[in-house]
Amino acid sequence: MKIIKAYKSGLKTSLNSLQLITIGYLFLLIPAFFIALAYWSSFKSAIGNFMSPGNLLNGFDYSAFKELMRFEGEKISAVTSQGFLLVIFYVFVALFISGGIIFSLNNKNSKSNLLSVLTGGSRFFWRFLKLNFYSLVVHLIIMAIIYLPFAILVISSFESAATEKSTFFLFLPFGIFHLIVMLYLFTINNYAKFALVHNNSPKVLSSLWTAAKFVTRKFFNTYSLALLLLIAPIIFLLGYFKISGFLEMNSGLMILVVFLVQQIYIWLRMACKVWFLSGQFEYYLMNNRED
Amino acid sequence: MKNKFYKQSIFFSVIFLLTTLSAFSIQLTPRITNYKINADLNTETKIITGQMTLSWRNPSGDTVSTLQFHMYLNAFKNTESTFVKESGGQLRGKKIDDDDSISWGWIDIVKMEAEQGFDLTRNMSFIHPDDDNVNDRTVLEVALNKPVLPNETITLNIEFVSKLPKIFARTGFSNNYFLVAQWFPKIGVYEPAGMRFAKKGGWNCHQFHGHSEFYANFSNYEVDITVPETFVVGSVGSLVNKIYNLDGLVTLKYIATNVVDFAWTASPIFEVVEDNWNDVEIMVYLQPEHAYLADRHIESVKAALSYFDEHLGKYPYSTITIVDPPISGAGSGGMEYPTFITAGSFWGLPAGLRMIEMVTIHEFGHNYFMGLLASNEFEEAWLDEGFNTYFEGRIMDDAYGKNRSFIDFGKFYFGDRVFQRLGYTGMSNPKIAEVFRYAWEYPHGGYSSLSYNKTATWLATLEGLVGIETMDEIMQTYFERWKFKHPCANDFIEIVNEIVPKNLGNKYGENMNWFFDEVLYGSNVCDYKLAAISNKSVKPPLGILDDIIERPDTTAEGEKLYDSKVIIHRLGEVIMPVEILIHFDNGDEVLELWDGKSRTKEFSYERTEKIEWAKVDPNEKITIDINWLNNGKTLKPETKVAWKYMVNFLYYLQNFLQTLIFFA
Ligand SMILES: [Zn+2]
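Residue numbers (my numbering), protein chains in the order written: chain A, 39 to 329; chain B, 1040 to 1703.
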């Protein structure tokens, strides 16, 4: 089956792209690390010579935490707002990285490295920005279509004997339908990017339209492949929750252990991103070769 | 164990009636008021048609020529009532339009007759003793044709109609759910001279306020409730009889003795779960979809029953009914009536969020603080809410663990008492008012922070100062002396002033008035700060040292000596005796006591060890200290905490960014 082949080949590609994954990971680590370092120093100065924050090492002390934030929190909140600014700025960086990864995947012959990521990222930045903007608009319209009837139903049932359970189950089909549609739109968005990069096409809207037709025509395959590609990140997520539940950061050594576990998890998330893209890209190539 | 009431047979009920009636003979105090009420609820129009026979005995030496009644449903009659004005008119967040007339509630006395059929209906008028709101119709005065002489009893026959409001606060209906409270003409309390703060005899009958509603005589109630037979009914007191009428209606007779109020509930969909604690019958009336949460209600009310039994006094009633309102009637949740409380839950409520437990324990506690120690909630809300909140915290921490009793989610958790303290110390202005004031006179949302949280916190501080045994003795004495009576601030303070010197001698002075002046009658804050620690080498002597054998800078063995100091500041105006723990670098510890009076205090030591850290109030006894962060200072702060939070911060930030990359 094509999708299994694409799935496996995506895995193989990502296993061969350790450098690419690590470059992506460093894009995540470096800016966040600088802000985290500022966070560390502001936190340290907030603690100063106070004693009660020490209770936060071995477990959690709500009043120590609340009072630290109440009386010294200004120092820390300045840094957290920097983190917020980074997140805003990263909306654009993320597009750049996406472009870099797909460009590198497309460039099978040459080894992917920082240069290929930077080249791809800058070459496709504007096109990806446009593409994502169109996708977002479509998504918002579809959300309005899904949730308007839901809102009407909720408001009308509130006057009668609506309960929280009935409201939840009323919401459930809408929410699930929304998730299904979201993955569909997301898949279209990815195939549109492949088309843009593979053909080096400047036409964003027509790529989106072609991708929509392609994904819809081969809906079963494209959708199953997307679901298949989601399994690994979900397993890693659950595994991380399981492991981190056991780990208490109550000593220097344990803080280091948790740090390593977290960073491995972040790296794995990046690997999953590359796997996701390369798996779908593989499928795209298979079909476009045959066409 | 599930059981619907309508399965109980009438014969069984008669036996039950006889045994309950025999309980009348062991009444604890003579009752001033007796009510016999017939109430028919029309579940379509939401109207109760009632007949009531009321007897009232004049407890004073005065000749009383008027009576006063609470007509509380009139608070919901329009937007001009004091209740709606005080609660910001937030009638379910919207102005009710004319079509929505079913939303409003009111009560009318159709006829009031004294003995020998004398019609008093025309002698009725509304008064507004608390404010100048002429539109408030929640207190009714009746001029009698013949005054009531000292110790004489008057009997009135009253016909009334009560229209229940759509629930936004406390009472009313939501679809077919009814929580019927403050629903009948309830006579006020006539306070003879010398009772509480009364200088001369007079009625104490306040309007219905946004924040307070309880002050009534201990009364006996015999109430016949008629509803469609498909409805499940729960009530204050005990069910003693049930008669199926031919017209599809059922009449249930409830008897409650020696209680200060009467409320009931009805709904066709309640699921009733029963259990027992010793001789007390526990009944939980649940929404069907909350039925799986029955155990959380039952376990927490059992925890409260047994804690109060052990630490305060015996629960004297034979039933406790817990009502779980639907989400659309949530405004009636978290309320207290004698032997009858409303909690609040929602489907899917996680076990680590102990809302049901906290509310159940809190509302049950009102059986003691309000129900048995029947203080005046209008004038001294803190005396029931604050004391009850204090016990709620103790019970929660005892039942579910000090650090996790309220919120318990893996690595994020905290206890109820911690939460209560922060409710006061975390106020934007903890000096906004003193606790001792009328419930409706707390400014700018200070009501709950001061009457609940500050009071619970200063009671915890009192516990810290005098110790848990003495605290329990104070509370038990207060309960024994004042149960089935109407205590006020002075009565509690008198007991504290009696027991603290008896147990602790002169430790805190002749009496504890200074404490109440600070925490109850004053609005100042308490804040002690460990300002500085220093360790300086003692200077070696200078000059020509021929004769000096003992050097001041070393021990006899030649070890180096340090001149070490801790300095403590009193930043707040409130003065509390405090302990200071000083820890030296060899592990030695010294506990100092300070009366806390001066603005600053220094403790000095000349030792071979240096001070490593020091802490004011190391055992966290002075919970009203508004800042515990500045209580301790260390020369070796725990820097790993900053690493811990930084590593997590980095991780969450990366995850955010990662998610953006995933969708980009
Ligand atoms: Zn309360």
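Treat the hints with care, since some could be wrong.
[What the hints assert, rightly or not] Stretch by stretch, here's where chain A covers chain B in the computed footprint (C-beta under 8 Å, at least three residues): (1) 1354-1367; (2) 1529-1543; (3) 1639-1649; (4) 1677-1689.
[Said to hold, decoys possible] Part of the chain A face toward chain B, derived, beta carbon under 7 Å: (5) L64; (6) I68; (7) F81; (8) K82; (9) L94; (10) S101; (11) K104; (12) G111; (13) F127; (14) E202; (15) K203; (16) P240; (17) T254; (18) V299; (19) Q300.
[To be verified] Straight-line Cα separation of at most 30 Å, BS3-like style, residue types lysine-lysine; simulated pairs: (20) K82(A) <-> K1546(B); (21) K1341(B) <-> K113(A); (22) K203(A) <-> K82(A); (23) K146(A) <-> K251(A); (24) K82(A) <-> K1675(B); (25) K104(A) <-> K1568(B); (26) K146(A) <-> K43(A); (27) K1546(B) <-> K1568(B); (28) K104(A) <-> K1675(B); (29) K1450(B) <-> K82(A); (30) K82(A) <-> K1679(B); (31) K1546(B) <-> K104(A); (32) K203(A) <-> K1679(B); (33) K46(A) <-> K1341(B); (34) K113(A) <-> K1546(B); (35) K1604(B) <-> K1640(B); (36) K82(A) <-> K1341(B); (37) K203(A) <-> K1450(B).
None of these hints come from the bench; they were simulated from the model.
From the three backbone atoms N, C-alpha and C, an ideal C-beta is built for every residue, glycine too.
Against the structure, the hints:
1. Figure legend: the region 1354-1367 of chain B, annotated as covered by chain A; annotation consistent (3 residues with Cβ-Cβ distances under 8 Å, at least 3 required).
2. Counting residues of the region 1529-1543 of chain B whose CB lies closer than 8 Å to any CB of chain A gives 0, which falls below the minimum of 3, so the coverage claim is violated.
3. Interface restraint, the region 1639-1649 of chain B with chain A: violated (0 residues with C-beta to C-beta distance below 8 Å; minimum three).
4. Residue count for the region 1677-1689 of chain B with a Cβ under 8 Å from a Cβ of chain A: 13. That meets the three needed, and the coverage hint holds.
5. The interface hint given for L64(A) is broken, as the beta carbon of that residue sits about 11 Å from the closest beta carbon of chain B, more than 7 Å.
6. Because the smallest distance between the Cβ of I68(A) and any Cβ of chain B comes to about 10 Å, over 7 Å, the interface hint for this residue is violated.
7. With a cut of 7 Å, the hint placing F81(A) at the interface with chain B holds, because the nearest CB-to-CB distance is about 4 Å.
8. About 4 Å separates the beta-carbon of K82(A) from the nearest beta-carbon of chain B, less than 7 Å, and the hint is met.
9. Checking L94(A) against chain B: minimum C-beta separation of about 5 Å stays under 7 Å; hint holds.
10. A distance limit of 7 Å between C-beta atoms decides the matter here; for S101(A) the minimum to chain B is near 5 Å, and the interface restraint holds.
11. Satisfaction of the interface hint for K104(A) is found here, the shortest Cβ-Cβ separation to chain B being roughly 6 Å, below the 7 Å cut-off.
12. For G111(A), the interface hint is violated, since its Cβ never comes within 7 Å of a Cβ in chain B; the closest pair sits about 11 Å apart.
13. Annotation: F127(A) was flagged as interfacial toward chain B, and the flag is violated, the nearest CB pair being 10 Å apart, outside 7 Å.
14. A least Cβ separation of about 5 Å between E202(A) and chain B falls short of the 7 Å threshold, and the interface hint therefore holds.
15. The closest approach between the C-beta of K203(A) and any C-beta of chain B is roughly 4 Å, which is under the 7 Å cut-off, so the hint is satisfied.
16. The beta carbon of P240(A) comes no nearer than 20 Å to any beta carbon in chain B, farther than 7 Å, and the hint placing it at the interface is violated.
17. The interface hint given for T254(A) is broken, as the beta carbon of that residue sits about 21 Å from the closest beta carbon of chain B, more than 7 Å.
18. Taken as an interface hint, V299(A) does not check out: its beta carbon lies about 9 Å from the nearest beta carbon of chain B, beyond 7 Å.
19. Checking Q300(A) against chain B by beta carbon gives a least distance of about 4 Å; that is within 7 Å, so the hint holds.
20. Among the hinted pairs, K82(A) with K1546(B) is inconsistent with the structure: their alpha-carbon atoms are about 41 Å apart, more than 30 Å.
21. As the CA atoms of K1341(B) and K113(A) are separated by approximately 46 Å, the hinted pair breaks the 30 Å bound.
22. In summary, the hint linking K203(A) to K82(A) is not supported, as the alpha carbons are separated by about 45 Å, beyond the 30 Å threshold.
23. In summary, the hint linking K146(A) to K251(A) is supported, as the alpha carbons are separated by about 26 Å, within the 30 Å threshold.
24. With a C-alpha separation of about 12 Å, the suggested pair K82(A) and K1675(B) falls inside the 30 Å cut-off, and the hint holds.
25. A distance of roughly 17 Å separates the Cα atoms of K104(A) and K1568(B); the hinted pair therefore holds under the 30 Å criterion.
26. Annotation: proposed proximity of K146(A) to K43(A) holds, straight-line Cα distance about 18 Å (limit 30 Å).
27. A threshold of 30 Å between alpha carbons decides the hint, and for K1546(B) with K1568(B) the separation of about 23 Å falls inside it, so the pair holds.
28. Proximity of K104(A) to K1675(B) is assessed by CA-CA distance (about 22 Å); at most 30 Å being required, the pair is judged to hold.
29. The hinted pair formed by K1450(B) and K82(A) meets the criterion: a straight-line CA distance of about 21 Å does not exceed 30 Å.
30. Distance hint between K82(A) and K1679(B) is fulfilled; the C-alpha atoms sit about 9 Å from each other, no more than 30 Å.
31. A hinted pair counts as satisfied when its Cα atoms are at most 30 Å apart, and K1546(B) with K104(A) does not qualify at roughly 34 Å.
32. The straight-line distance between the Cα atoms of K203(A) and K1679(B) is roughly 44 Å, outside the 30 Å bound, and the hint therefore fails.
33. As the CA atoms of K46(A) and K1341(B) are separated by approximately 59 Å, the hinted pair breaks the 30 Å bound.
34. Proposed proximity of K113(A) and K1546(B) is contradicted: the alpha carbons are some 43 Å apart, above 30 Å.
35. The hinted pair formed by K1604(B) and K1640(B) meets the criterion: a straight-line CA distance of about 10 Å does not exceed 30 Å.
36. Simply put, K82(A) and K1341(B) have alpha-carbon atoms about 46 Å apart, too far for the 30 Å limit, and the pair is violated.
37. Taking the CA atoms of K203(A) and K1450(B), the gap is near 28 Å; set against the 30 Å cutoff, the hint holds.
Comparing the model with each numbered hint stated earlier shows that hints 2, 3, 5, 6, 12, 13, 16, 17, 18, 20, 21, 22, 31, 32, 33, 34 and 36 do not hold.
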